[in-house]
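Model the full assembly from the supplied sequences, consistent with the hints where possible.
In order, the protein sequences belong to chains A and B. According to the numbering used here, the first sequence holds residues 2 to 229 in order. According to the numbering used here, the second sequence holds residues -6 to 397 in order.
Calculated directly from the structure, the hints in this document are not laboratory data. Check each hint, because a few of them may be wrong.
[What the hints assert, rightly or not] Subject to a maximum C-alpha distance of 27 Å in a straight line, what follows is the list of computed DSS-like cross-link-like pairs (lysine-lysine):
| # | chain 1 | residue 1 | chain 2 | residue 2 |
| --- | --- | --- | --- | --- |
| 1 | A | 194 | A | 65 |
| 2 | A | 120 | B | -2 |
| 3 | B | 297 | A | 125 |
| 4 | A | 120 | B | 297 |
| 5 | A | 179 | A | 189 |
| 6 | B | 239 | B | 362 |
| 7 | A | 229 | A | 179 |
| 8 | B | 114 | B | -2 |
| 9 | B | 123 | B | 226 |
| 10 | A | 34 | A | 125 |
| 11 | A | 65 | B | -2 |
| 12 | B | 71 | B | 138 |
| 13 | A | 65 | A | 222 |
| 14 | A | 125 | B | -2 |
| 15 | B | 126 | B | 114 |
One letter stands for each residue in the lines below.
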Amino acid sequence: MNPIVELINVSKIFRSGEEEVHALRNITLRIEKGEFTAIAGPSGSGKTTLLNVISGIERADAGKVIFDGQPLEGLNENALSALRLHRIGFVFQAYNLIPTLTARENAEFILFLRGMTEKERSQKVEEIFRELGIENLLDRFPHQMSGGQQQRVAIARAIAGEPDIVLADEPTANLDSKNSMAIIQLMKRLNSKKGITFLFSTHDPLIMENASRIIHLRDGKIVGEERK
Amino acid sequence: MIWFKLAWRNIWRNRLRSAIQFTIIAGSVFTGVVFHNLAVGNYRNMIRQGTRMGSGDVAIYNEKWFRMRRTGFTLDEKDVLPAIRKLNNVDRFFLRFYVSGYARSMEKSLPVNIVAMQLEKEVEDHPLIKGTKIRSRRDIILGEKVARRLNLGEGKRLVVMAGTADGQLTGILFRIRRVIRTGIEEVDCCTAFADLDYVRDNLGYTGKVHEVAILLENGGPDEAKKTLNQFLKPPARAYSWREAMKELASAIAYDYMGLVMFMLFLYIVISVGTVNVLFMSVMDRTREFGMLRAVGMTPGQISKMILTEGIILGTSAGITGLLIALIVNIYLSTHGIDIQALMRLAGQESVSYGGVIIEPIIRSTWEWKGSFGYTLFIILLSLIASWFPARWINSKDVAELMRR
Ligand SMILES: Nc1ncnc2c1ncn2[C@@H]1O[C@H](COP(=O)(O)OP(=O)(O)OP(=O)(O)O)[C@@H](O)[C@H]1O
Ligand SMILES: [Mg+2]
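Rendered as structure tokens:
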């Protein structure tokens, strides 16, 4: 079986004027289906860049990024958009939700873009919200929710489309430790109960402890890996 | 539906900005439509006046007279009347004969252009001589300046020397029925209106005419012209008022072009402002668009989202502007704008334009075609305006949008 994500010797260099920043250096990495993996590293170590390269938001300067057997190189912008829409769920640190839509509408919007009918959409979203125990948030607007609640809704949205993998870039960075722990527990439960693959970044040791695999990143290089 | 909901909420989210944009669009449509209808109303009035004192809606001339205006190139009245009978929308028609001569008083003689016309019929309609009481076939109506120079007043006798058909010089005796002051230089300085048969008979042109001016019941000068030309034999030919009164037609065309230029200029300024407002509203949402692109929305869908907002705002504002213009137009078409005070300020008693007197009250008309034209044009402009920020946001890197 293919790994869901495979990186072979991937590098990414940012140039701003004279300066060159090697955000990723020769990264080689495989993520298998069903994994619950953390990318750990201090600020500036290249966590966001790594996740962006995997989802095609940014293109690698060298090396190969392969998504479920499909090299991303050959895909154009629209194909990359479709890949993200249909196969990847996203949770960001903040600004996950459209402020003018309710939690329900936010989650449904992705399903709408995927071409689901109205009935399917509302059924699916209600089901997921119930599963996550956040039915009470369905009709709230983002500004009517706390940071932790917003992240829960973001997770609901990310998994509503039954993606092959959820990429979460520091999903707990804006939360206090209690909320952070709750969010990571929620993700872990979804991983073990439903087999959803998660790849998330964090610089918080308490959070990364929950992962079954931790990849340590420093200055764009993988400097270590732990499995539990 | 979802696109509309999203767009509508975004419009609502930034009420002040949306309100400004709405006002700009509605105001543009309002200004365009009101000015257009005022202008068209004014032109219709000018054309109405012009056709009554000039060629009618269609006119028949001897081709050569039309080009050279020499008295000899006449038409036989009885040759043209059958063609006119073929038209089924004739309101009235007038026979006219034009000749130049010298008006003489005891002291002086001055050149005058005599318009020999069916006076009794013409005084009902002709804007310059309307309401004059005609008592005898010797009556003549004289421009104010000629009368003053000849030192003659109403009721006085006047002799006009003119050439006859067989090349002799003869004098025709008139009595001045009325002296008119029109504000049109050519009329005041040197025109006289006299009885058709009296002039023709005296000059040996019995039964001859230079111009048959036909007023139609409704529109269609070009159709009438076509029909007439089917039945007229050369050298008689029919001309529409646009050909017969080129000055008036081109004065109107130029005037309207001026209005359109002004409007275009205004709209360009407004569009630049609108683009700015739209840019601000899109730039405020950079992160949101970045997130949407990241989760898989295509650039096309982003454009759709922004353009839908433009469509909603543009159409609703456009229709509002049109409706307000319609209401104001009802007032302007019944009450009109009185420009008499303006004219007095300019030291004029009447305004003439392209050789035609304009009524001192401008009434607007309502023309659907032009009014819709302006509305659609503005809506289109506002769509184009919202296309720019959409393009801008789509030209940016997703990662860059997210980082902002
Ligand atoms: N567009 C860019 N232009 C220039 N440099 C960039 C750009 N994006 C990222 N970098 C640099 O690349 C390196 C890796 O950045 P990245 O955002 O991936 O780090 P990170 O681990 O996610 O950090 P953080 O924990 O602060 O989010 C950093 O040094 C950053 O300054
Ligand atoms: Mg980061």
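Structure-based check of all given hints:
no.: 1; hint: A:194 / A:65; in the structure: violated (32 Å)
no.: 2; hint: A:120 / B:-2; in the structure: holds (17 Å)
no.: 3; hint: B:297 / A:125; in the structure: holds (26 Å)
no.: 4; hint: A:120 / B:297; in the structure: holds (23 Å)
no.: 5; hint: A:179 / A:189; in the structure: holds (15 Å)
no.: 6; hint: B:239 / B:362; in the structure: holds (25 Å)
no.: 7; hint: A:229 / A:179; in the structure: holds (23 Å)
no.: 8; hint: B:114 / B:-2; in the structure: violated (67 Å)
no.: 9; hint: B:123 / B:226; in the structure: violated (34 Å)
no.: 10; hint: A:34 / A:125; in the structure: holds (23 Å)
no.: 11; hint: A:65 / B:-2; in the structure: violated (41 Å)
no.: 12; hint: B:71 / B:138; in the structure: violated (37 Å)
no.: 13; hint: A:65 / A:222; in the structure: holds (16 Å)
no.: 14; hint: A:125 / B:-2; in the structure: holds (20 Å)
no.: 15; hint: B:126 / B:114; in the structure: holds (11 Å)
Comparing the model with each earlier hint shows violations of hints 1, 8, 9, 11 and 12; every other hint is respected.
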